[in-house]
Structures are given as structure tokens and as C-alpha cells.
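With the hints as a guide, bring both chains together as one complex.
Quick note, the sequences are listed as chains A and B, same order. Converting from the first sequence to my numbering requires adding 40 to each position, the first position being numbered 1. Converting from the second sequence to my numbering requires adding 5 to each position, the first position being numbered 1.
Treat the hints with care, since some could be wrong.
Across the chosen pairs, the derived CB separations fall in these ranges [to be verified]:
id: 1; chain 1: A; residue 1: Gly219; chain 2: B; residue 2: Arg161; range: 27 to 35 angstroms
id: 2; chain 1: B; residue 1: Arg10; chain 2: A; residue 2: Asn142; range: 23 to 31 angstroms
id: 3; chain 1: B; residue 1: Ser61; chain 2: A; residue 2: Ala150; range: 21 to 29 angstroms
id: 4; chain 1: B; residue 1: Leu163; chain 2: A; residue 2: Ser267; range: 31 to 39 angstroms
id: 5; chain 1: A; residue 1: Gly56; chain 2: B; residue 2: Ser61; range: 27 to 35 angstroms
No lab work stands behind these hints: they were computed from the structure. All residues carry an ideal CB built from backbone N, CA and C; glycine is no exception.
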Amino acid sequence: MSEDLRETIDRELYDGSPPMSITAESLLARGHRDRRNRRLWGATGGLAVLLAAAVAIGNLPGEGGAPDNVALPGASASSSAPPPEPQYLMWRGNGDHDEGENDETRRMTAAIFAAIDASGLQSVHMEMANPVVRSEEQLVSVTGTDPDTAVPTGPERVSYVINAPFRGGWVGFRLYQKGTFTEGAGAAAYNPLVPSHDHLIAGCEDYTGMARPVGMVGEREVTLTVSCDEKSTADGERVLVRTAEVHAVSGGLEELREVVVYRGDGTALVLDSQELDSPTVAQMLAIEEALPDFTVE
Amino acid sequence: MRADREAEYRDFVTTRGERLRRYAYLCCGDWHLAEDVTQNALVRLYAAWGRARKESVDAYARRIITNALIDERRRGWFRRERVAETLPDAVTAHHDDGRAERLTLLDAVFRLTPKQRAAVVLRYWEDLPIEQTARILNCSTGAVKGLTTRGLDTLRGLLTDEVPLTDQGATS
Numbered sequence: 041m042s043e044d045l046r047e048t049i050d051r052e053l054y055d056g057s058p059p060m061s062i063t064a065e066s067l068l069a070r071g072h073r074d075r076r077n078r079r080l081w082g083a084t085g086g087l088a089v090l091l092a093a094a095v096a097i098g099n100l101p102g103e104g105g106a107p108d109n110v111a112l113p114g115a116s117a118s119s120s121a122p123p124p125e126p127q128y129l130m131w132r133g134n135g136d137h138d139e140g141e142n143d144e145t146r147r148m149t150a151a152i153f154a155a156i157d158a159s160g161l162q163s164v165h166m167e168m169a170n171p172v173v174r175s176e177e178q179l180v181s182v183t184g185t186d187p188d189t190a191v192p193t194g195p196e197r198v199s200y201v202i203n204a205p206f207r208g209g210w211v212g213f214r215l216y217q218k219g220t221f222t223e224g225a226g227a228a229a230y231n232p233l234v235p236s237h238d239h240l241i242a243g244c245e246d247y248t249g250m251a252r253p254v255g256m257v258g259e260r261e262v263t264l265t266v267s268c269d270e271k272s273t274a275d276g277e278r279v280l281v282r283t284a285e286v287h288a289v290s291g292g293l294e295e296l297r298e299v300v301v302y303r304g305d306g307t308a309l310v311l312d313s314q315e316l317d318s319p320t321v322a323q324m325l326a327i328e329e330a331l332p333d334f335t336v337e
Numbered sequence: 006m007r008a009d010r011e012a013e014y015r016d017f018v019t020t021r022g023e024r025l026r027r028y029a030y031l032c033c034g035d036w037h038l039a040e041d042v043t044q045n046a047l048v049r050l051y052a053a054w055g056r057a058r059k060e061s062v063d064a065y066a067r068r069i070i071t072n073a074l075i076d077e078r079r080r081g082w083f084r085r086e087r088v089a090e091t092l093p094d095a096v097t098a099h100h101d102d103g104r105a106e107r108l109t110l111l112d113a114v115f116r117l118t119p120k121q122r123a124a125v126v127l128r129y130w131e132d133l134p135i136e137q138t139a140r141i142l143n144c145s146t147g148a149v150k151g152l153t154t155r156g157l158d159t160l161r162g163l164l165t166d167e168v169p170l171t172d173q174g175a176t177s
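Bound-form chain B, shown alone (with noise of 0.2 angstroms):
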């Protein structure tokens, strides 16, 4: 790869890689397989990072995690390793204002199906239209619109009254 396209992929990385793995986390609540996944999803990239239009690489890099994860769990279902004994620090994280025994808004995303979670991250936490999250998830917009509506009523359900949910997500 030319110096150039090397320094704008490093640029990438360091720029948006702690995003991305963010986002992974956010859809599998596993900070190990998040971290895996995006860096596998970042090795593809700078295999593809010559042929990539620049505009259009961080949507490559959120459906490369997005396919990876949907390819782990297909393998995954009961398959795959899980060693860890302890729930992610986040699921556990207590705070000193008492919220320790509340449910927290990551708990109850994690309660969501892993389609329902992956739509409503990209929609509301990632902040993409419509369109785009039914390319990154490989399906309609109404069934981004189901998934969406029925992630958001099940957090409603979780979280009674202790976060205001609304679902004005990006419209373009």
C-alpha cells in the first residue's frame, strides 16, 4: 500500500477504531468478542482499503463487525467459547449514587433480541437513517422500523419511568 493510503488508514484506525469497537460491544455485550471483531473487521479493511472509497469506509467497517458478529453467533449458538465467569463490567457497574440496584439503560439493551439490539444501537446511538441501517442489517426498511419499535417498547417495559425513551431517530 502507498505511504499515503497507509497514513490515512492509520488516521482510521486511530480515529475511529475505539468507536467501532464501541458499537461491537453495543450489539454482542462482550468486551473480548467486541474487541476480536473489530479488529479482524479493521484487518479487512486495510486489505480492502485501496479499493475503498474514503466516504464510505466506516459504513464497510460497521457491516463488516455487524456480518461478523451475525457470523459468530450463527457458529455461536452454545458453540463457542465462553470462559469468562463474571458479566461484563458494565452490566455490573455500580455507582455511588445507589443505581446499583436499578436496572441501567445498557442492561436492558442487552435484554434485547441481538437483531432488535443491533437496530436500535445503529439507529439511535449511532444516529443512521433508516436506509442505511436496513443495508448494514440486510433487511427492509419496515423491518428496521419493526425491530426498532419493538426494542423500544421492550426498554420502555424494562425501564419504566427512568429514562425517557422517544423514537426520533436520523431521518437522512
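With the rest of the complex left out, here is chain A (with noise of 0.2 angstroms):
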């Protein structure tokens, strides 16, 4: 890009930019309680990430009120009142990251890269990239879209998550704890592409209408064309695979893949890409297939 287009950009930006608020020395304050918990806890945390939240966008199945599953006590409201906002429940990390491996991440660590390469793709190791982190999760509920009014309301549970870089993209790993899900697609309740809080995938049903992808500025019209499939593994676990098509009427296409497997253990993986080019539903079964068993308390 010319010179001319760096400083248009430039211009732009400092047009429109808000104050920062990052300060080296709320950084350094934070460093030091990282510090001090992963000596306290030995290196477990969590992940900065609101896991599952809710998008309240029209036109989705069970549009019209609080879906069906996550109806609450005390949502309901006097007639005269303005009707209220819909209540969801979903998972939340417990809002901290915690960088630091331990035996067991270190270990899956390692069996999923070798798993990576055994599948035929090529693993990439980043340094400091993306090892397998431990999230505990909360389940909250959760009024309207506002984050903040977040209730605990339920239980907590474990999961491990990685996303994998190989040569060419990145597939995306999360394995849950025993008991803490229902196997099978979920209704999309609020959401074309989030399942309902009890499982691990969303429902099969097609979807056209708007939606605010992350990565994207505004919101989009999308077509979403779902498509799912029953498989099962060598050792006869059940096996979903999910694939979604999403079609911005601006242009563009990206399709997400999701392959769950519910293991003999109780535990779930859950397995998925969203790049065009790879790595296949095939590519991930076989990833799977060279996993070893893993123990997850």
C-alpha cells in the first residue's frame, strides 16, 4: 500500500480513536497477582472469554420470548409492564487467564500436535502460542444481551480447550468434563450457530436473517445452511458432525465444522474449524482417531 494510503488510514484512525486505557502500570499489578495465584494455585485458571453468549438477533427458531429450555423463575411480569427481556443461560469462563501448563495440558499439549501430524496435516508449534488451557466455567443467567447481569445460577464445570495451528489454518479443540452436557444437537434457541446451554452443538436447522459475526464491523443478512451427520468411531463412540454453511448476501462464504464425539468415559470433544480450505470433516475424524484416551477430572 502507498505511503498515501498508510497516512489515510492513519488520519482515519486518529480521527475516531478513543483514549486507551491500558496503563504499564495496571499491567505490571496484574502480572504480579498472575504471579502470586499461579504459585497459590498451582498454575490452573481460566479463560477471558464469555463461552456461549447470547446474540439477540430476530428471526431465529423459538424467536418470541425466553426459549423454551432456559425459562426462568421470576422472568414473568404484570401485564401492565413492558414485556421482559429474555433470560438465557449459558457458560462463562471465570473471567481470568491463566498462561501457565501444568502436567496435564502439558501432556494433551503434545498428544494433540502428534495426533495433528499423524492425521496427515502438519503441525506448527508456535512459540508461546495456544497451549491447552484449563477453563472452569460457570453457568450463569444471563437478562437481555447485558453481560453484567450475569447470575451464577448453576453449576460449575471444567473444560480443555487448544486452538491448534497446523501448516495452513487451525483447528479448534475443547474436551468437557463427564455430566456436564446432554449428547445430541441442541435447539438453536437464540442463536443460529450456539446450542443450548446443555449440549455441546446447535440444532440442524437452516437459518437466513441478520446476525453480527464477530470479526465483522455492523451486522450481516446471512443464509445458513446446516447440515448434520451420524457417524460413530472404530471403538463404536457416537460421533456428530455438524456442518454450516454461512453465505453473506454482501458476499462471501465460510463454512464451520464441528465434530463432537461423546467418548466411552463420559467426556466430550468437541473438534472444529471454520476455514474454507481445511482442514476437513474427514481431517478431523481422523485427528480424532489419533488421539489418545485422555483422563479429565
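Right under this line is the structure:
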């Protein structure tokens, strides 16, 4: 890009830039606190990610109030009051980052990278990039779309998460604790790609409507073509494959692929990819086949 | 961390933090998300500061931000909370000379696909060589060329003759 172009971006950027609230002192204070916590808690932590948050968008299956599966006590109002905002149940990370590894996450990271290599893809070992992270989540109820209204309302669960790079792409892994999910595809209650809180994979209905994908500015009208397929592993474990083609009306196509394996030990592994080029469902299944058993608490 | 290393870290944050936040913003188009991701990247950097090579910390930070946005996006296709009802300021900026009616360059950049956008920003705003851009995006140099070519073509189509576009980025 020419110098003119860089200057144009800089000018537009500087015109609309809010002040930065990050300071060296606040980062140092957080760094000190994190180090203390790691020493205290043995390098376990969670993700500063609000998992599976609700996006209030129209024309979704189940629109018109709180989805059946998340109707909560206290959500009703008198007939003269404005209609209450819908409440949703979701799993929320515990709000802290921890990049520390322990023996368990190190073993899982190594096994996942080995399985990627065994599948025929070439794993990429990035310095400081994404080791497996232990994520502690809490079931919360949220009113409307305001995360500040989140109220703890159920159990906690642990999952292990990594976005593993290979040459040319990424594949996501999420391993869920036994007893924290229901098998099968859940209804897409408030969001075309988010399952109800007790499932790990959303429903299989096609969707057309407005949505605001992260990474893009503003809402986009999209058409979502979904297909689900049931398989089993060589060990007889149940496998669900969900493929969603996302067509943006303004152009662009993405394909989101999810493979869920309900494992014999009661845990579940979700692999996902949203690259058009790779990995394919067959490659994700090959990665899963090459993974050893993990025992997670 | 030793006091001298901590002072180095403080200097880095002071001198590079704002630039990294703007990079994150160009990648995601959301100042709040950009600030979150930059802050988390700098915290990760703090944790690794003792073993990081000084000459590579800037590239580290950009890679962490890029990875975080990929990660965020992977989680976030329709999944993450987007509370704001208005678009970021830069997109709706009005100008005294009447440019509010026209598409700004930033508007056009935000219409690129996220990967095209990251490639264009790294190559032409950060002025990084193709090889370094490829390492940050974890793709081949050929893929970077394809992404930037398609990205610039899209920008040209969107902007017509308002901004001159050439594909001369850094070469080394």
C-alpha cells in the first residue's frame, strides 16, 4: 500500500480513536497478581472469554420470548409492565487468564499435536502460542444481552481448550467434563450456531436473518445452510458432525465444521474448524482417531 | 521479574501499546474488543518477558493479538456478546469537508474478510515483509500474496478513485 494509503488510514484512525485505558502500571499490577495466583493455585485458571453468550437477533427459531429450555423463575411480569427481556443460561469463563502449563495440559498439548501430524496435516509449533488451557466455567443466567446481569445459577464445569495451528490453518479442540452436557444436537434457541446450554452442538435447522459475526463490523444478513450427520468411531463411540455454510448476502462464504465425539468415559470432545480450505471433516475425524484417551477431572 | 526487566517492559507498553491497540482495532473493527485483546496480549507478554528476546517482542505481541482474534472469532461466530448498538466511531465519522457521504478507507477495510484484512494491515499499514506476515498469520507466503491481492482488489472496487492503491509493501 502506498504511503498515501497508510497516511489515510492513520488519519481516519486517529480521528475516531477513543483514549486507551491500558497503562503499564495496571498491566504490571495484573502480572504480579497472576504470578501470585499461579504460585497459590498451581498454575490452573481459565479463560477470559464469555462462552456462548447470547446475541439478540431476530428471526431465530424460538424467537418471541425466552426459549423454552431457559425459562427461569422470576422472568414473568404484570400485564401493564413492558415485556420482560428474555433470560438465557450460558456457561461463562471465570474471567481470568492463566498461561501456565502443568503436567496434564502439557501432555494433552503434545498428544494433540502428534495426532495432527498423524492425520497427515503438519502441526506448527508456535513459540508462546496456545498451549491447552484448563477452563473453569460457571453456569449463569443473563437478562437480555447485558453480560453485567449475569447471575450464577448452576454448577461449575471444567473444559480443556486449544486452538492448534497446523501448516495452513487451525483446528479447535474442546474437551468437556463428564456429566456437564446432554448428548445430541440442542435446539438453537437464541442463536443459529449456539446450542442450548446443556448441549455441545447447535441444532440442524437452516437459518436466514441478521447476525453480527465477531470480526466484522455491523450486522450482516446471512443465510445459514446446516447439515448434520451421525457416525461412530472405530471404538463404537457416537459421533455427530455438523456443517454450517454461512453465506453473507454482501458476499463471502464460510464453512463452519464441528465434530463432536461422545467418548466412552463420559467426556466429550468437540473439534471445530471454520476455514474454507482446511481441515475437512475427514481430517478432523482422522485427528480424533489418532488421539489417545485423556482422563480429565 | 528483575527491576531492569520490569522497566524494559514498562517502556515497551508505553511506546508500543497504543500502536498494538490500533493494529487490533484494524483487525477487528471494535475498540472494546481491541482493547481487551491488546491488554491480554500484553499480560501474556509480561508472563514471558523474562525469556523473550528483545528484538522479537513486537512480533510476539502482534502474533498473540492475531491469534487471540482468531480464537475469539472461532468462539465468536455469532457466539460472543456484542452489546454495542452503534458502530465504532471511525466508521460513522463525519468530516467538515462532506466526506461523511463517502466511504472512508477504514469503512472499506472493515468490509474485507478478517484474514484479508489482517494480511493487508500487516503488509501495508505495519509495513511488514511477506515472510513475517506469513509467520504471524500461520500461512504460506503465497497465501499472503493471494490475500493481499484480493484485499486490494476489493478495496479498489469499493473506493473507485478516491484513494490511490498500489501494492508496494515492504520487501525485506
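Query - Those earlier numbered hints the structure runs against, lowest number first - result: 1
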